[in-house]
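Per my numbering, the sequence shown starts with residue -11, numbered consecutively.
FYI, nobody ran anything at the bench for these hints, they're computed from the structure. Given the structure is predicted, the values throughout are model-derived calculations rather than measurements. Where hints are given, some of them may not hold.
[To be verified] Ranges of calculated distance between the beta carbons of each label pair, as one might list FRET restraints:
1. GLU104 - SER125: 27 to 37 Å
2. SER60 - THR35: 34 to 44 Å
3. LYS94 - GLU50: 35 to 45 Å
4. LYS94 - ARG137: 17 to 27 Å
5. ALA147 - LYS94: 32 to 42 Å
6. PRO27 - LEU134: 32 to 42 Å
7. GLN108 - ASN24: 14 to 24 Å
8. SER53 - GLY149: 41 to 51 Å
Beta carbons: idealized from backbone N, C-alpha and C, even for Gly.
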Amino acid sequence: MLHDIQKKSHPVLSVIIILCCLILAGTGFLFFRLRNGIPIKAPQEKTILPNTEIICYRQDDEQWSDDRMGDSQYTLRSSGCLVSCIASALSMEHNTVETPCTLNMKFSSGHAYDAEGNLQWGQLSDDYQVDVYQEISSDIINNCLLEERYPIVRVRMHALGSFHYVLIVGIQNGEYLCMDPLRDEITSLSSYGNWVYGIRCVS
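Make the full structure from the sequences, and use the hints.
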């Protein structure tokens, strides 16, 4: 009888061990994906909307999607979210037309990209006001919006996916409103889990 009880307990113990392993693996995955990020929430009592029409650019627009970024192998379709956000911000701030295509040509001719297609912020300082914030906070985002500047934030797609850049264009109903270069409609920061991994502002 005792032998039978011991035999029955082995599967239960195995299930418990497997579940513990799965929980540890899931916790490790979340820690790895969310490290260096900060959860950000918009103030409930504030409403800040742009004083101009929101300019939405898609990085995969066929007009420029195949344009190469400098001498790199990357195109605006694959890696142009940051450039598209900057183009949108500049167009809104200066009431001009600056498309991802025209901006990419300026950056490419000015050698603003490295061999991997990454934007070198120091190369932009002669022509633009560039703020690369070392801290991540809602105060920084709010202050940019109050100054009628549009902060670019680094997020993860679907909260846990690949890194991506979106442009914050306002605050409404306790949500940060975002222009996403891969979506047609205005989204909210909560669509990316409200986790931010970096803040940039170019004007």
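So does LYS94 sit 35 to 45 Å from GLU50, Cβ to Cβ? violated, 21 Å
Hint says 34 to 44 Å; check whether the CB-CB distance for SER60 and THR35 agrees. Cβ of SER60 to Cβ of THR35: about 40 Å, so the range 34 to 44 Å holds.
Taking the Cβ atom of ALA147 and the Cβ atom of LYS94, is their distance within the range 32 to 42 Å? Since ALA147 and LYS94 have Cβ atoms about 33 Å apart, the given range 32 to 42 Å holds.
Would you say the C-beta atoms of SER53 and GLY149 sit inside 41 to 51 Å of each other? For GLY149 against SER53, whose Cβ atoms are near 20 Å apart, the range 41 to 51 Å is violated.
Between the beta carbons of GLU104 and SER125, is the distance compatible with 27 to 37 Å? Holds, since GLU104 and SER125 (Cβ atoms, about 29 Å apart) stay within the stated range.
GLN108 versus ASN24 beta-carbon gap, inside 14 to 24 Å or not: Hint holds: Cβ distance 21 Å, inside 14 to 24 Å.
Look at the Cβ atoms of PRO27 and LEU134 and judge whether their distance stays inside 32 to 42 Å. Roughly 22 Å apart at Cβ, these two residues miss the hinted range, so it is violated.
Please check whether LYS94 and ARG137 have a Cβ separation lying inside 17 to 27 Å. At 19 Å between Cβs, range holds.
Hint compliance for this structure: hints 3, 6, 8 are broken, all remaining hints hold.
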